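*Asks:* Sequence:
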Amino acid sequence: MNIREISKQTNLSAKSIRLYEEKGIISPLQRSESGYREFSQHHINELNLISRAKNAGFSLQECKEFAEMSRNPKRESRVVKLHAKTKLVEVDAKIAELLEMKAQLECWISA
1 MNIREISKQT NLSAKSIRLY EEKGIISPLQ RSESGYREFS QHHINELNLI
51 SRAKNAGFSL QECKEFAEMS RNPKRESRVV KLHAKTKLVE VDAKIAELLE
101 MKAQLECWIS A
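Sequential numbering of the sequence shown, starting at 1, is according to UniProt numbering.
Worth flagging that the hints you see were computed from the coordinates, not collected in a lab. Just so it is clear, the structure is predicted and the values come from calculations on it, not from any experiment. Among these hints, one or two may not hold up.
[Claimed, not checked] Simulated DEER-style distance windows between Cβ atoms:
hint : residue 1 : residue 2 : range
1    : 76        : 42        : 19 to 27 Å
2    : 40        : 103       : 48 to 56 Å
3    : 90        : 68        : 14 to 22 Å
4    : 68        : 31        : 41 to 49 Å
5    : 76        : 32        : 31 to 39 Å
6    : 13        : 89        : 26 to 34 Å
7    : 110       : 77        : 43 to 51 Å
All residues carry an ideal CB built from backbone N, CA and C; glycine is no exception.
My request is simple: use the sequences and hints to build the entire structure.
*Replies:* Structure below.
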């Protein structure tokens, strides 16, 4: 499959997919004789995982770690859960901060 087809299937831009390849976030790609990238179902799975992780607030480096864990058949689910729990604590802290900001703005508006 080519990058246009992968882009449609994963809802990621071709630019993002190229970046993930360049940064080594996805598995190495095969190239056709003419130099075009050749994607497999494995790459689609990796890109979907990366997309979900990005949407959950993980950095590109953290997404790379998730992709590496997904390629490791000996990975332990507790490690993945630990990463998710750590991110959840960060998200909860951000939500608390935003709620404080919201309360302050509402106070200023109602004054």
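*Asks:* Per the hint of 26 to 34 Å, is the separation of the Cβ atoms of residue 13 and residue 89 within bounds?
*Replies:* holds, 30 Å
*Asks:* Using the C-beta atoms of residue 40 and residue 103, is the stated range 48 to 56 Å upheld?
*Replies:* holds, 50 Å
*Asks:* Within 14 to 22 Å: is that where the Cβ-Cβ distance between residue 90 and residue 68 falls?
*Replies:* holds, 21 Å
*Asks:* In this structure, is the beta-carbon distance linking residue 110 and residue 77 contained in 43 to 51 Å?
*Replies:* holds, 48 Å
*Asks:* Taking 31 to 39 Å as the hint, is the beta-carbon distance of residue 76 and residue 32 inside that range?
*Replies:* holds, 37 Å
*Asks:* Range hint 41 to 49 Å: satisfied by the CB atoms of residue 68 and residue 31?
*Replies:* violated, 22 Å
*Asks:* Within 19 to 27 Å or not, the Cβ separation of residue 76 and residue 42?
*Replies:* Check passed, 21 Å falls within 19 to 27 Å.
Checked against the numbered hints above, the structure breaks only hint 4 and satisfies the rest.
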